[in-house]
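**Student:** The task is simple: from the sequences and hints, build the whole structure.
There are 2 protein chains.
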Amino acid sequence: MTTRFSFTLAATDGLARTGRIDMMRGSIQTPAFMPVGTAATVKAMKPESVRATGADIILGNTYHLMLRPGAERVARLGGLHTFMNWDRPILTDSGGYQVMSLSDLRKLTEEGVEFRSHIDGSKHMLTPERSMEIQRLLGSDIVMAFDECPRADQPRDEIAKSMELSMRWAKRSRDGFDAGGEHVVRSALFGIQQGALDEELRKRSADALTDIGFDGYAVGGLAVGEGQEAMFATLDFAPEQLPTDRPRYLMGVGKPDDLVGAVERGIDMFDCVLPTRSGRNGQAFTWNGPINLKNARFAEETGPLDDRCTCPTCATYSCAYLHHLQKSGEILGAMLVTEHNLSFYQQLMQAMRTAITAGAFANFAAQFRHDYLKGG
Amino acid sequence: MTTRFSFTLAATDGLARTGRIDMMRGSIQTPAFMPVGTAATVKAMKPESVRATGADIILGNTYHLMLRPGAERVARLGGLHTFMNWDRPILTDSGGYQVMSLSDLRKLTEEGVEFRSHIDGSKHMLTPERSMEIQRLLGSDIVMAFDECPRADQPRDEIAKSMELSMRWAKRSRDGFDAGGEHVVRSALFGIQQGALDEELRKRSADALTDIGFDGYAVGGLAVGEGQEAMFATLDFAPEQLPTDRPRYLMGVGKPDDLVGAVERGIDMFDCVLPTRSGRNGQAFTWNGPINLKNARFAEETGPLDDRCTCPTCATYSCAYLHHLQKSGEILGAMLVTEHNLSFYQQLMQAMRTAITAGAFANFAAQFRHDYLKGG
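Chains S and G, in that order, are what the protein sequence lines are. Residues 221 to 596 in my numbering are what the first sequence lists, from first letter to last. Residues 221 to 596 in my numbering are what the second sequence lists, from first letter to last.
For the record, the hints were derived by calculation from the structure and aren't laboratory data. Heads up, a few of these hints could be off.
Below, simulated DSS-like cross-link-like pairs (lysine-lysine); rule was C-alpha separation at most 27 Å, straight line [claimed, not checked]:
#	chain 1	residue 1	chain 2	residue 2
1	G	K514	S	K343
2	S	K343	G	K547
3	G	K475	G	K594
4	S	K547	G	K343
5	S	K391	S	K343
6	S	K381	S	K391
**Tutor:** Here it is as structure tokens:
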């Protein structure tokens, strides 16, 4: 494939959209869910198993990778794709969110953020320019602009000031990215809308980003504790403020019912640690809602996690066995439930794509909520 | 296959032997290494991956399984093979060794051992009869007699008394096993020689076991801290005291150089947690000796763990990536290095079988030691 980046809408149904992103390393069916590979690994999964779940793209975390093993080291080792054995697209975040949530002793200035590593206390500086450089060193396919993600409960003028800083950083990200030489001709850059729950701030942010011009647009600053109702209320206006002909990516979301509600509101891409983190903790997602495998009721349950699921775990293992592995703290328990959860998420995305294509998304969403939220 | 149990020697070279055990669930090439699947899982491995390393048989631990999930529960769930998705032979130990090494508040009598679970403090009794019943409930293919494993540094009369108790328990194990109905016609029973490092006690134990009659014979009571020199000195006489036409199983051994030295002395079967446990800790076995992946010298090493290894990890991943995963505490690190280690052990067993068949075992062993012990 020789397309740097193109987005083709195949069908819409209400505000819901389905389509395809084409990039040099492969195509991405949308709506898409991106498994999170924080430290150059989707936790407890081999990359070929991640691909077998149906994932077209994974996410890597700039903050983690810059600290360990280090962006320059990854570059010397041939880039992130070679390093971790994933040859399809990788989206990298900018580090902006995690530097604020994970690091110690942050100092925020117009220039960027100075911080200390949560691993070894070493001092680092992240700026829009350095974030672009790191993502280029990693060999990212979809690069995210460097932004600041404020808490949603701050005063409006704080939210506005933060959003405006992020928009100046978006422009510096665009310039830094464009100065990246060879990398520019094979990767894409996404801007990130901020403005918390405020429609007017979101609009100003969307306009600023559109003026700069990006390959895709993320809705940032949600899924930070505001709750599903407030998130959906914001998604009632935020995606429509962004260009129709570009993919819209809701960062860090979410639960299966979050995904359905967000697709309903025009979102095309998602990432979230929930299916992987839950898999390690014994929580499995099913069409009838989430279940906790450590619950004693599964001790002699010979059926699979989900009768309708097509994943290898459900084809092979009983709930009783998975219960035993979780109770015993066995690594295989994390492996099998993570594989199920990631597969379930991809099956959900495929079901949404099919429903949108068929013009039946409203029915699909109603049936999904009936089964998922009421436990079948 | 309809053979309950048969052992066919194909070739000998000095005291080293190669052959095949045939059982209903499959054949076992000897010398054989059995990966340990303590809690109904070979840690950090899917069973199909265990099989792909070349393993013909795995080991399950009676002590762990009786406590969690419980033998009766495993039986209700269809037996250990169904429960954990391994359809080839499983050897189960008797619980005798681990009840002494892991449990709390043991009380040893002629009848058996009373103990408290290390998991929840619950009270249990293991006797030869109960051990046979548990192994039957699990659906074991090769059942081990219930024995007591004393420390090698005890006074000779204590070792003798313990060995004699184990021989009385061996007879009760034989009787308990034979009373097992249907299970008897599709599984095998091995006796366990005791007597620590003492040639005369080992001989008395071997004679007592041979009088009772078993399908195979284990050399027990070694690899308990006596060191390789003392172990080899004991293996200079112990295996030859056991019947030539039955498999000889050295329990709980060992390092790659232990395996080569033991095969040289007439051993046919092994089990050990070393390749799996080491895999989780970042120690990898190679033809040039063990390496610690956490060592900084691997941080930018683009080569595989071992140039000669044929495992998926070596085919795909650099030492630098495995170093990163181990430093980051990632589950995938445990998965990939465990897979390599188990595969390396099976490649070593295959190399020994090939060398014995070719009548070239002495040369093989010399070359192995040159490469392995001197680091190539």
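**Student:** Hint by hint, say whether it matches the structure.
**Tutor:** Evaluated hints:
1. The hinted pair formed by K514/G and K343/S meets the criterion: a straight-line CA distance of about 23 Å does not exceed 27 Å.
2. Taking the CA atoms of K343/S and K547/G, the gap is about 20 Å. The hint holds against a cut of 27 Å.
3. A C-alpha spacing of about 15 Å is found between K475/G and K594/G, which places the hinted pair at or below 27 Å, so the restraint holds.
4. For the hint linking K547/S to K343/G, the alpha-carbon distance of about 20 Å falls within 27 Å, and the restraint holds.
5. The suggested pairing of K391/S with K343/S holds, with an alpha-carbon distance near 26 Å, which does not exceed 27 Å.
6. Pair hint K381/S plus K391/S holds up; C-alpha atoms about 16 Å apart against a cutoff of 27 Å.
Of the hints listed earlier, there is not a single one the structure fails to meet.
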